[in-house]
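Visitor: Sequence:
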Amino acid sequence: ITPLFLQTAPNLNKRTLYSKISSMIQNAQTEVLIMTPFVDMLYESIVNRILDSQSLASVKIITKPKKDISGSKSRIASSALDILNTQTKGALRVTEMVHARMIITDSTQMIVSSADLTRDQLYDEYNAGLFTQDKEAIKLALDFFNNLYNSSRPLE
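In our numbering, the protein residues as written are 4 to 159.
Note that these hints are calculated values from the structure, not bench results. These numbers were taken from a predicted model, which means no experiment stands behind them. Check before you lean on any hint, since a few could be wrong.
[Unchecked claim] Below, simulated BS3-like cross-link-like pairs (lysine-lysine); rule was C-alpha separation at most 27 Å, straight line:
| hint | residue 1 | residue 2 |
| --- | --- | --- |
| 1 | LYS142 | LYS23 |
| 2 | LYS92 | LYS67 |
| 3 | LYS23 | LYS76 |
| 4 | LYS92 | LYS69 |
| 5 | LYS76 | LYS17 |
| 6 | LYS142 | LYS67 |
| 7 | LYS23 | LYS92 |
| 8 | LYS63 | LYS138 |
| 9 | LYS67 | LYS23 |
| 10 | LYS142 | LYS92 |
| 11 | LYS142 | LYS63 |
| 12 | LYS63 | LYS76 |
| 13 | LYS76 | LYS92 |
| 14 | LYS63 | LYS23 |
| 15 | LYS92 | LYS70 |
| 16 | LYS138 | LYS23 |
| 17 | LYS63 | LYS92 |
[Stated by the list, open to error] Cβ pair distances, simulated, as ranges:
| hint | residue 1 | residue 2 | range |
| --- | --- | --- | --- |
| 18 | PRO13 | SER75 | 13 to 21 Å |
| 19 | PRO13 | ASN149 | 30 to 38 Å |
| 20 | PRO13 | SER58 | 30 to 38 Å |
| 21 | LEU54 | ALA12 | 27 to 35 Å |
| 22 | SER82 | SER25 | 19 to 27 Å |
| 23 | GLN57 | TYR126 | 28 to 36 Å |
| 24 | SER73 | ALA103 | 19 to 27 Å |
| 25 | ASN153 | SER56 | 23 to 31 Å |
For every residue, glycine included, the Cβ atom is placed at its ideal position computed from N, Cα and C.
Full structure from sequences and hints, please.
Guide: Rendered as structure tokens:
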């Protein structure tokens, strides 16, 4: 299966990265795994997917702690973490060590990108990523995700 190149290119009005992430979350059947340093966008889509689905067994998120959030959108990002933590029943974990950005759904598809789940990075800045359904790459990414998830701590 050929990987798909995704991008955010504001001058070309291209937001294929945002579109594919949104689609993956919306179409997930059993599991959504998210690793990103910062979240201030798409959290409503994640919450809606949790609330609308009886089959979605697991949503796990790894991000940076609230104390690492700064800037004009810090209040939104902090609230987003609280909402996600509540809706995932505490499956949001934090660590200062997260730098990777990836989303895996149903252990069958994955995006690895340079973009956080923030408006700036999904709309206004230049970011790129790759989408794949390669089983071996996803298996290795799942191991990576689970290792960091298990060594992270609950949101405080």
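Visitor: If any of the earlier hints don't hold here, list their numbers in rising order.
Guide: none
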